[in-house]
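Protein sequence lines, in the order shown, are assigned to chains C and P.
FYI, the numbering for the first sequence is 3 to 276, going by the numbering used here.
FYI, the numbering for the second sequence is -15 to 78, going by the numbering used here.
In case anyone wonders, no lab produced these hints; they're calculated from the structure.
Among the hints, a few may not be true.
To be verified - Mimicking DSS-like on lysine-lysine, the simulated pairs with C-alpha atoms at most 27 angstroms apart in a straight line are:
id : chain 1 : residue 1 : chain 2 : residue 2
1  : C       : LYS127    : P       : LYS55
2  : P       : LYS56     : C       : LYS159
3  : C       : LYS188    : C       : LYS174
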Amino acid sequence: MADDRYPLSPRIRLLRAMRAKLPGAPSEPPPARPPAPDERTPGQSAACWSAIEVALCALSSSQKIRRTTGRESSLGTSGQCRRQSLEYAMRLSVFAVVLLIATAAPTLAGTVMTSEASTPKISGKVVLYIEPDRLRVETSNYVSIFRADQDTAYLLKPADRKFVRLTSEQLKQLADAPTLLRETLKSMSPEQRARFDEHLKSLPPAQRAGVERIIAGQAAKFEFREYWRNGELRQVELPADRQTGGRSTSRKPLRRAHLRPRLDRGRRRFVAAL
Amino acid sequence: MRTSDLGLTEDDVGSLQRFNDFMGQGLPQELGAFSTVDRRAFEKLVGYAAHPVHTEIPTANMQMTLENVEKKPLSPDLFEIPAGYEEDSKLATH
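Taking the hints into account, I'd like the entire structure generated from these sequences.
In structure tokens form, the structure reads like this:
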């Protein structure tokens, strides 16, 4: 045990602690002598090392050494303290490496999703770059960046090298726009309203229908439809309601809860809005 | 499709839901959230964390099909406004 190659190993330390409690136990080895000047590493500052040693001793004395050796009386000796300091320094190094790996992990957590999209305005690849608190969506014409940490989204148009910033506050104002529009329309004079209606008629049909729905306080009627394959949700489709041509016949404003999909198991589809 | 079958956890794609919630603030109350990308709605429907692999919105004449998913380190620059871009109060969409 005395000549063990690994004096700091848990096994040796445990054996030493047990031996120390036995009657007639040999005394602790004398503290190591300070290194001679010619034994010091050139350029190494003894004062610096002492400061680190003292700091490590102070850090370790209340936590580690007392637990591992069970002997408080010899802790003050510089040899044991140095040995424990080295042990603690090694542990700190391991901890530092683990910490570095842990903090580096989020940078490895990126997810890239590539889709093929076809819409009237966008066709081709849509690439999503996803990280826990941020998102980037790339299409052929636009780039959207969402930063949850800033509570802000940015819409970039690379062709013009311009971007628009969207904040929560702006979005909330946008949500109130239909109400403002309806109130404005109510306060219009008959002549003003006639001009507005004329302008509405000049809009493309889809756009006009959208404005009319907003004025009426109605949401578009659409449905989720799912397709099962081996018990998995494979596809989701939102067709227009065929009976109403995609427009709600309800005059009652739809509440947010109405848009939560519900499962119609008999027809094997999900209805998203009624 | 199960999110786990794509090799992903909910944490991996959590920002999609956060983006959905964020943009949902801009929708009129009567219109609700973007149901097509509402991950909570999907999970409630099918009983597990799911991700659509194919989406069609006939009213918007839109289709989208997921082709590839991979995990890799992403440059922080991807989430920053590139140098030289000017802020505009209104973005032309045509």
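Original post:
Which numbered hints does this structure break?
Top reply: none
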